[in-house]
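Heads up: the sequence lines are chains V and U, in that order. Counting along the first sequence from 1, when you hit position 82 you're at 65 in the working numbering, and nothing is skipped either side. Throughout, the working numbering is defined as the position within the second sequence, counted from one, plus 132.
No lab work stands behind these hints: they were computed from the structure. One thing to keep in mind: the hints can contain errors.
[As the list claims (entries may be wrong)] Simulated pairs of lysine-lysine, BS3-like, Cα-Cα distance not exceeding 30 Å:
no. : chain 1 : residue 1 : chain 2 : residue 2
1   : V       : Lys66     : U       : Lys238
2   : V       : Lys54     : U       : Lys170
3   : V       : Lys(-8)   : U       : Lys170
4   : V       : Lys66     : U       : Lys135
5   : V       : Lys40     : U       : Lys238
6   : V       : Lys66     : V       : Lys53
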Amino acid sequence: DGGITQSPKYLFRKEGQNVTLSCEQNLNHDAMYWYRQDPGQGLRLIYYSQIVNDFQKGDIAEGYSVSREKKESFPLTVTSAQKNPTAFYLCASSISSGLEQYFGPGTRLTVT
Amino acid sequence: AQKVTQAQTEISVVEKEDVTLDCVYETRDTTYYLFWYKQPPSGELVFLIRRNSFDEQNEISGRYSWNFQKSTSSFNFTITASQVVDSAVYFCALHTGANSKLTFGKGITLSVRP
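Okay, chain V solo, but in the shape it has when bound (with noise of 0.2 Å):
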């Protein structure tokens, strides 16, 4: 079945440690993002890429890094320097830009 895919469902970390969460489709779809998600908040873009190898900073992007190597993967690293890191990630995908965004089932990260 075609999707996206987001492992690992709930991470923990400690505090001072850089932790990178996976983002795979296999949709073909060119554009991918990554979104932050606070209780009672809508979502807020990290980081998205249009193209392999080519990526653009989001709203948030501050203490976050991406790398798009590969069309179907999307990894996000949070760092130390990410000053409140809990939170639930969520990754998406289109077609191309300003088609809808189909979204994986997010990771839920708990830094303490």
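With the hints as your guide, set chain U onto chain V.
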């Protein structure tokens, strides 16, 4: 700048009631797209509908209907004869040609009681 306002934060209804979720958007672009997504308790967002700015025709899909009015910059979502399975957070979102990102509203938590 783009903005999406979902003024209702939480709505609670009894099963079989009709419910309307409001969405008001702001943009200076003449070409844009509006979306509704559903986020059930599992967390994954489910795409419901996309509407472009040149198509003001209302749409109906089963118990779901959408009312797009450019004159009031609104894109409201109505669930007819609500069911418990409709309980979720619903997000309205806006995409314009000026950038490549979706701007989301803060979401409306809908609870449907049996």
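Checked hints:
Between Lys66 of chain V and Lys238 of chain U, the direct Cα distance comes to roughly 22 Å. Compliance with the 30 Å bound is thereby established for this hinted pair. Distance hint between Lys54 of chain V and Lys170 of chain U is fulfilled; the C-alpha atoms sit about 26 Å from each other, no more than 30 Å. Taking the CA atoms of Lys(-8) of chain V and Lys170 of chain U, the gap is near 19 Å; set against the 30 Å cutoff, the hint holds. In summary, the hint linking Lys66 of chain V to Lys135 of chain U is supported, as the alpha carbons are separated by about 26 Å, within the 30 Å threshold.
As the CA atoms of Lys40 of chain V and Lys238 of chain U are separated by approximately 21 Å, the hinted pair is consistent with the 30 Å bound. Pair hint Lys66 of chain V plus Lys53 of chain V holds up; C-alpha atoms about 29 Å apart against a cutoff of 30 Å.
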